[in-house]
Amino acid sequence: MKNIWTIAKREFNMYFVSPVAYAVAFAFLIVLGLIFYGNFTQAVVGAGFGGGGSPDYVGWVLSPFTTLMLFLSPAVTMRLMAEEQRTGTLELLLTAPVREWELVTGKWLAAFGFMAVIVFLTGIYGLILNNYTTPGLDRGAILVAYVGLLFMIAAMLAVGVFASTLFSNQIATFFAAMAFLLALWLVSLPFRNDTGTLATVFNYLDFSGHFYNNFYNGSVDLADVVYFSSLTALFLFLATRVVESRRWR
Amino acid sequence: MIQVDGLTKRYGERTAVRGLTFSAKKGEIVGFLGPNGAGKTTTMRILTGFIPPSEGQAVVAGFDVLTESLEVRKRVGYLPENVPIYPEMTVVQYLDFMAELRQIPDREERVDEVMEVVHIEQRAESFVGNLSKGLRQRVGLGQALLHKPEVLIMDEPMDGFDPQEQVDVKKLFRELGQDHTVMLSTHILAHAQELCDRIIIINNGVIVAEDTPERLSSQIAGGGRIHLKVDGDGTGLLETLRGVAGVTDAQTKVEGEFEIETAPGQDLRPALARAVVSGNWNLLELNREHMSLEEIFIQLTKGEEPEAEGVEE
Numbered sequence: 001m002k003n004i005w006t007i008a009k010r011e012f013n014m015y016f017v018s019p020v021a022y023a024v025a026f027a028f029l030i031v032l033g034l035i036f037y038g039n040f041t042q043a044v045v046g047a048g049f050g051g052g053g054s055p056d057y058v059g060w061v062l063s064p065f066t067t068l069m070l071f072l073s074p075a076v077t078m079r080l081m082a083e084e085q086r087t088g089t090l091e092l093l094l095t096a097p098v099r100e101w102e103l104v105t106g107k108w109l110a111a112f113g114f115m116a117v118i119v120f121l122t123g124i125y126g127l128i129l130n131n132y133t134t135p136g137l138d139r140g141a142i143l144v145a146y147v148g149l150l151f152m153i154a155a156m157l158a159v160g161v162f163a164s165t166l167f168s169n170q171i172a173t174f175f176a177a178m179a180f181l182l183a184l185w186l187v188s189l190p191f192r193n194d195t196g197t198l199a200t201v202f203n204y205l206d207f208s209g210h211f212y213n214n215f216y217n218g219s220v221d222l223a224d225v226v227y228f229s230s231l232t233a234l235f236l237f238l239a240t241r242v243v244e245s246r247r248w249r
Numbered sequence: 250m251i252q253v254d255g256l257t258k259r260y261g262e263r264t265a266v267r268g269l270t271f272s273a274k275k276g277e278i279v280g281f282l283g284p285n286g287a288g289k290t291t292t293m294r295i296l297t298g299f300i301p302p303s304e305g306q307a308v309v310a311g312f313d314v315l316t317e318s319l320e321v322r323k324r325v326g327y328l329p330e331n332v333p334i335y336p337e338m339t340v341v342q343y344l345d346f347m348a349e350l351r352q353i354p355d356r357e358e359r360v361d362e363v364m365e366v367v368h369i370e371q372r373a374e375s376f377v378g379n380l381s382k383g384l385r386q387r388v389g390l391g392q393a394l395l396h397k398p399e400v401l402i403m404d405e406p407m408d409g410f411d412p413q414e415q416v417d418v419k420k421l422f423r424e425l426g427q428d429h430t431v432m433l434s435t436h437i438l439a440h441a442q443e444l445c446d447r448i449i450i451i452n453n454g455v456i457v458a459e460d461t462p463e464r465l466s467s468q469i470a471g472g473g474r475i476h477l478k479v480d481g482d483g484t485g486l487l488e489t490l491r492g493v494a495g496v497t498d499a500q501t502k503v504e505g506e507f508e509i510e511t512a513p514g515q516d517l518r519p520a521l522a523r524a525v526v527s528g529n530w531n532l533l534e535l536n537r538e539h540m541s542l543e544e545i546f547i548q549l550t551k552g553e554e555p556e557a558e559g560v561e562e
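The listed protein sequences correspond, in order, to chains A and B.
With this note's numbering as the guide, the letters of the first sequence map in order to residues 1 to 249.
With this note's numbering as the guide, the letters of the second sequence map in order to residues 250 to 562.
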């Protein structure tokens, strides 16, 4: 267990010396900033609030955040396992008394920590908006949406870690992760208006529904918590199996 | 300390090592010698628990590499080939990270100690990625020594050192060999000859010879090459010599001097002397040349195409 922390700590620190991580953080914050500013000025011009209306903070910040995650989170995870395989440091780690699952979990935890920092930084928009709103934003609902966001990020990063174990080429793992995420995001699309068993299954598997149906509106459904947690566990398990697979190749 | 029995590793169709059996005692330096692709890296990866064997058993430091891998890994220091490193970490950071993974108490102190042992203390704050190959090798070695392992396994540890560094490192290895079991691989014979108490020659995944460096060279040179000199030009002697039982080849380069290749395992000098004398030549010189390890190696491994080894993945 201690190994997870050791691995996570090193990996987390590595994010702050890596240009990729800064590029990702920059992309997140610049896009979110533009969207926020656009919405903000429009609302002021339209007097949607300040004149009594309430700004849709979750819609302005967290909703674009989840969309950006689809395209940017693969860049956060692409290097994690791929680089270890490419440079051979995997051999170093796994001939030390470190178990495969500890390695995989540590890597994921580091990515989660890094994304949590970016999520935390978006709080600045909340502070700004709160200033312009009377009697202030609905903090409870926003907090719930943030918790949901973190659950979703956890699952998305687990998918990314899994993708990162598949190849030793970072570009390949980037696109693999993006493909998995988009597939999970869109899996229910062909079944939107269906009610059959298959449709129920695919609708349940759909990533976005588990965020947008409840968390997004400020309510918590245990089913969504279970969904994201099991997805995280499943992909970390799969990633571990892939790392272990060198043993039977 | 290391006990290997019938070790076999197959990668799909290809067999990398086949039925290896050998052992290494405490305080012994064992050299694993063979051409590239002979199966040295595969064997070492099995011994360090990185990959399991397809068949056979390996016990390192009293634990089975397959069923008690974690216990083995705690007791083995491993320097992989090409020294994998994290280029964006400094030497101290890197060693500290490895020490933390190995859960070493008083990490800071131990890292300082190890840096002193491998003489890297002046570069402690340099990024590992900026170090020369030789310095990087030292860092890798330091990492392998952190937890005072009972068994030290090093894959091509002499690579990348300049001649002066090699002298220092050999001295270090000999010191380490006194209270560790050291197993190192190399394809450079001079290194094995100089460093090791025992040499295992491996080719195409099988052991072709195993002995001390001295015995190994005398064993084969027991046959080997005999130098013979007679008075005069020695006309007709070449055919006579070739006719002696056990002679595989005879050549003459200078008039009256002959180089005779003989089958291993027997000393043909008496028979050759008789043949010379009974043919009425006057024998001036007759001596056996000691084969260098280099020649033994070529002799043992010749004629067999080395397989390419899957080091890259």
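Please keep in mind that the hints were generated in silico from the structure rather than gathered at the bench.
A portion of the hints provided could be inaccurate.
Unchecked claim - Simulated DEER-style distance windows between Cβ atoms:
# : chain 1 : residue 1 : chain 2 : residue 2 : range
1 : A       : 2         : B       : 254       : 54 to 64 Å
2 : A       : 5         : B       : 301       : 22 to 32 Å
3 : A       : 113       : B       : 301       : 25 to 35 Å
4 : B       : 317       : A       : 56        : 51 to 61 Å
5 : B       : 361       : A       : 16        : 56 to 66 Å
6 : B       : 254       : A       : 196       : 55 to 65 Å
Predicted model, so just to flag it, every value in this text is computed and none were measured.
C-beta atoms are modelled at their ideal positions from N, C-alpha and C, and glycine is treated no differently.
Results of checking the hints against the structure:
Between residue 2 of chain A and residue 254 of chain B the Cβ separation comes to about 34 Å, which falls outside the hinted range of 54 to 64 Å. The given range of 22 to 32 Å is respected by residue 5 of chain A and residue 301 of chain B, whose C-beta atoms sit roughly 28 Å from each other. In this structure, residue 113 of chain A and residue 301 of chain B meet the distance hint of 25 to 35 Å, their C-beta atoms being roughly 33 Å apart. Our hint of 51 to 61 Å for residue 317 of chain B and residue 56 of chain A holds, since their Cβ atoms are close to 59 Å apart.
Between residue 361 of chain B and residue 16 of chain A the beta carbons are some 26 Å apart, a value that contradicts the proposed interval 56 to 66 Å. Checked against the hint of 55 to 65 Å, the C-beta distance between residue 254 of chain B and residue 196 of chain A comes to roughly 59 Å, which is consistent with it.
Checked against the numbered hints above, the structure breaks hints 1, 5 and satisfies the rest.
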